[in-house]
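Peer 1: Sequence lines, in order, name chains A and B.
The first sequence begins at 1 in the UniProt record's numbering and counts up one residue at a time.
The second sequence begins at 1 in the UniProt record's numbering and counts up one residue at a time.
I should point out that these hints are in silico values taken from the structure, not numbers from a laboratory.
Wrong hints could be hidden among the right ones.
Covered stretches of chain B (in silico footprint by chain A; criterion: 3 or more residues with CB under 8 Å from a CB of chain A, positions within the stretch not fixed) [said to hold, decoys possible]:
| hint | segment |
| --- | --- |
| 1 | 22-34 |
| 2 | 49-55 |
| 3 | 76-88 |
| 4 | 115-126 |
| 5 | 134-145 |
| 6 | 265-273 |
One-sided excerpt, in silico: chain A residues whose CB lies under 8 Å from chain B [what the hints assert, rightly or not]:
| hint | residue |
| --- | --- |
| 7 | D63 |
| 8 | A81 |
| 9 | T138 |
| 10 | I211 |
| 11 | V288 |
| 12 | D302 |
C-beta: ideal position from N, C-alpha, C; glycine also.
Number of protein chains: 2
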Amino acid sequence: MADLGEFGLIDRVAAIVREVAPGEDVLVGPGDDAAVLRVRKGHVVVSTDLVVEGRHFRTDWADAVDVGHRAAAQNISDINAMGGRALWLTVGFAAPPTLPARWALDLVRGFAEECASVGAGVVGGDVTSADKITIAVTVLGVCTVSPVLRSGAQAGDVVALCGRQGWAAGGLGVLGRGFRSPRVLVDAYRRPEPPYDAGGVAAEAGATAMIDVSDGLLADAAHVARASGVSIDLRSASFEIPEPLLAVAGATGADPLGFVLGGGEDHSLLATFPAGTALPEAWTEVGVVAAPGPDGPAVTVDGAPYEGSTGWTHF
Amino acid sequence: MADLGEFGLIDRVAAIVREVAPGEDVLVGPGDDAAVLRVRKGHVVVSTDLVVEGRHFRTDWADAVDVGHRAAAQNISDINAMGGRALWLTVGFAAPPTLPARWALDLVRGFAEECASVGAGVVGGDVTSADKITIAVTVLGVCTVSPVLRSGAQAGDVVALCGRQGWAAGGLGVLGRGFRSPRVLVDAYRRPEPPYDAGGVAAEAGATAMIDVSDGLLADAAHVARASGVSIDLRSASFEIPEPLLAVAGATGADPLGFVLGGGEDHSLLATFPAGTALPEAWTEVGVVAAPGPDGPAVTVDGAPYEGSTGWTHF
Numbered sequence: 001m002a003d004l005g006e007f008g009l010i011d012r013v014a015a016i017v018r019e020v021a022p023g024e025d026v027l028v029g030p031g032d033d034a035a036v037l038r039v040r041k042g043h044v045v046v047s048t049d050l051v052v053e054g055r056h057f058r059t060d061w062a063d064a065v066d067v068g069h070r071a072a073a074q075n076i077s078d079i080n081a082m083g084g085r086a087l088w089l090t091v092g093f094a095a096p097p098t099l100p101a102r103w104a105l106d107l108v109r110g111f112a113e114e115c116a117s118v119g120a121g122v123v124g125g126d127v128t129s130a131d132k133i134t135i136a137v138t139v140l141g142v143c144t145v146s147p148v149l150r151s152g153a154q155a156g157d158v159v160a161l162c163g164r165q166g167w168a169a170g171g172l173g174v175l176g177r178g179f180r181s182p183r184v185l186v187d188a189y190r191r192p193e194p195p196y197d198a199g200g201v202a203a204e205a206g207a208t209a210m211i212d213v214s215d216g217l218l219a220d221a222a223h224v225a226r227a228s229g230v231s232i233d234l235r236s237a238s239f240e241i242p243e244p245l246l247a248v249a250g251a252t253g254a255d256p257l258g259f260v261l262g263g264g265e266d267h268s269l270l271a272t273f274p275a276g277t278a279l280p281e282a283w284t285e286v287g288v289v290a291a292p293g294p295d296g297p298a299v300t301v302d303g304a305p306y307e308g309s310t311g312w313t314h315f
Numbered sequence: 001m002a003d004l005g006e007f008g009l010i011d012r013v014a015a016i017v018r019e020v021a022p023g024e025d026v027l028v029g030p031g032d033d034a035a036v037l038r039v040r041k042g043h044v045v046v047s048t049d050l051v052v053e054g055r056h057f058r059t060d061w062a063d064a065v066d067v068g069h070r071a072a073a074q075n076i077s078d079i080n081a082m083g084g085r086a087l088w089l090t091v092g093f094a095a096p097p098t099l100p101a102r103w104a105l106d107l108v109r110g111f112a113e114e115c116a117s118v119g120a121g122v123v124g125g126d127v128t129s130a131d132k133i134t135i136a137v138t139v140l141g142v143c144t145v146s147p148v149l150r151s152g153a154q155a156g157d158v159v160a161l162c163g164r165q166g167w168a169a170g171g172l173g174v175l176g177r178g179f180r181s182p183r184v185l186v187d188a189y190r191r192p193e194p195p196y197d198a199g200g201v202a203a204e205a206g207a208t209a210m211i212d213v214s215d216g217l218l219a220d221a222a223h224v225a226r227a228s229g230v231s232i233d234l235r236s237a238s239f240e241i242p243e244p245l246l247a248v249a250g251a252t253g254a255d256p257l258g259f260v261l262g263g264g265e266d267h268s269l270l271a272t273f274p275a276g277t278a279l280p281e282a283w284t285e286v287g288v289v290a291a292p293g294p295d296g297p298a299v300t301v302d303g304a305p306y307e308g309s310t311g312w313t314h315f
């Protein structure tokens with residue numbers, strides 16, 4: 001990176017971004033003091049995430065293109081979880097001067113490709129040096145329906161899930177043990193496939209609360225429970241455990257349900273709907289919402305606190 | 001920070017943010033998957049910056065409150081430089097788990113106070129761990145006039161400056177030599193006072209190009225020159241060198257003009273206006289725009305390339 005220099009790198013990044021994903025309604029793109037964007041309808045929705053080498057990714061577990069895809073995906077998913085549509089992203093990139101410029105440019109390419117997959121564009125960024133690779137992403141979107149918050153779940157609602165759950169945690173677990181297969185799980189970790197269209201559909205179907213599963217299914221269910229002042233009971237039998245996850249669990253003596261309940265790397269969506277709602281396609285009922293118990297909001301599995309392991313811990 | 005934990009810290013941060021600067025037109029603030037914002041009029045303007053310990057600040061040269069003010073100021077200034085008004089900011093914060101939570105909360109307080117000074121609010125963020133303190137800021141604003149780009153300068157335009165220029169670079173130079181005075185310069189570095197209202201006023205007065213001076217006056221003039229395909233000549237006699245800067249230069253044998261031409265820490269605004277424009281209050285004419293020479297766009301001082309020092313280099 002030092003060879004290209006800050007401004008050289010910015011020029012190359014801007015060229016990739018323009019080529020891959022120019023974005024719509026971008027009146028001024030990267031290269032000025034700020035980008036200028038046209039909001040045609042609805043409210044602006046914004047979320048931000050920091051992705052740090054060694055904490056959120058390892059360069060030996062995923063290549064730069066994958067890291068770019070993941071960084072964009074986890075942010076786009078936050079807009080999806082409000083019922084909005086992601087349109088524009090900015091990316092701040094800090095790395096050691098010795099990092100090959102190729103790595104940075106590959107990251108940007110993966111990032112821009114993930115954005116393009118939902119019709120979003122990269123509209124700005126910043127480049128600086130740091131000891132560890134650090135990626136700061138902000139996503140802007142629009143929401144033309146009432147945003148679905150974490151706080152709207154009501155006792156009696158059903159809890160539903162959309163998207164893979166546990167796959168990426170299984171892949172992370174495999175990598176953490178030094179293996180590279182089952183490949184389908186490793187790939188799920190390296191490049192998650194969040195259900196990008198499901199958030200808006202759920203909002204229109206009357207979802208009362210919704211969250212992007214990123215801290216782990218139980219942890220994120222607890223965020224909804226606390227914000228809504230309710231308890232949530234998940235039904236373990238409702239989760240379809242994918243075959244490769246069963247295989248990994250069998251080979252290592254782990255409980256496959258732990259990956260499903262603990263995983264947050266697939267960026268599935270968890271939502272609550274009024275009882276009797278015809279769930280939108282691709283959504284599966286996985287539990288129920290109840291009034292909080294005497295100890296306040298809680299999340300249980302099959303009526304009891306979950307005592308099992310929630311997969312291998314992160315690095 | 002490790003004692004408070006990620007979610008404990010987020011709760012404390014959110015409380016500070018709500019108390020200091022709730023922001024207007026914030027339909028959903030911090031704490032959900034994303035913030036939701038109402039854009040009443042105009043286009044959305046967005047910019048992002050990474051601020052890294054050891055590169056952009058040192059904890060022994062500025063306290064956490066000052067670092068927060070600076071981080072917000074440099075971003076708000078980017079919106080100002082488009083002719084827009086900053087309304088909402090997000091802040092991603094990464095730091096070693098051993099960092100006292102007090103430091104992080106002071107930073108957030110300074111950040112939120114700077115935002116409040118322009119009527120902007122902090123609407124979201126992220127907290128994670130990293131080896132070095134890293135602050136990722138994104139600012140959103142609205143622009144109700146035509147945004148003023150870097151690329152609009154025309155031969156024959158006058159070049160004008162608004163805001164202090166060289167003060168903060170002088171303060172940084174003083175700190176770099178192990179001193180703490182003149183205090184007024186050190187303070188100017190620690191907590192810049194960008195001319196926040198000047199961008200919109202310049203846009204309405206017909207500015208043809210504008211930029212936030214953050215890389216240094218000569219460097220940023222060069223950004224405008226290249227983007228516009230013009231040359232810029234600055235007139236050294238037009239810069240009023242502040243008394244304390246003269247004192248520092250006198251004591252160290254430095255050329256005080258070097259701080260003015262090389263400094264980027266004051267976040268002044270540089271703009272071009274059609275010749276004959278009555279410059280808005282607080283703007284000073286400092287040069288002229290000319291057609292590019294045979295070697296292309298260039299920036300000169302008093303008709304010649306500037307060969308002098310541009311202040312002490314950064315750490």
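Peer 1: Each hint needs a verdict: does it hold in this structure or not?
Peer 2: For each hint, the structure was consulted:
1. With 6 residues having a Cβ less than 8 Å from any Cβ of chain A, the segment 22-34 of chain B passes the three-residue criterion, so the hint holds.
2. Coverage of the segment 49-55 of chain B by chain A holds in this model, with 4 residues showing a Cβ closer than 8 Å to a Cβ of that chain against a need of three.
3. Closer than 8 Å: that is the beta-carbon criterion, and the segment 76-88 of chain B has 6 residues meeting it against chain A, so the requirement of 3 holds.
4. Under a criterion of three residues with beta carbons nearer than 8 Å to beta carbons of chain A, the stated coverage of the segment 115-126 of chain B is upheld, 4 such residues being counted.
5. Counting residues of the segment 134-145 of chain B whose C-beta lies closer than 8 Å to any C-beta of chain A gives 7; at least three are required, and the coverage claim holds.
6. Coverage of the segment 265-273 of chain B by chain A is violated [criterion: at least 3 residues with CB-CB distance below 8 Å; count 0].
7. Interface hint status for D63 of chain A: violated, as the beta-carbon distance to the closest one in chain B is roughly 22 Å, over 8 Å.
8. About 4 Å separates the beta-carbon of A81 of chain A from the nearest beta-carbon of chain B, less than 8 Å, and the hint is met.
9. Given hint, T138 of chain A at the interface with chain B, holds; its Cβ is 4 Å from that chain's nearest Cβ, closer than 8 Å.
10. With its C-beta approaching chain B no nearer than about 6 Å, I211 of chain A sits inside the 8 Å limit, and its interface hint holds.
11. The beta carbon of V288 of chain A comes no nearer than 22 Å to any beta carbon in chain B, farther than 8 Å, and the hint placing it at the interface is violated.
12. The closest approach between the C-beta of D302 of chain A and any C-beta of chain B is roughly 26 Å, which is over the 8 Å cut-off, so the hint fails.
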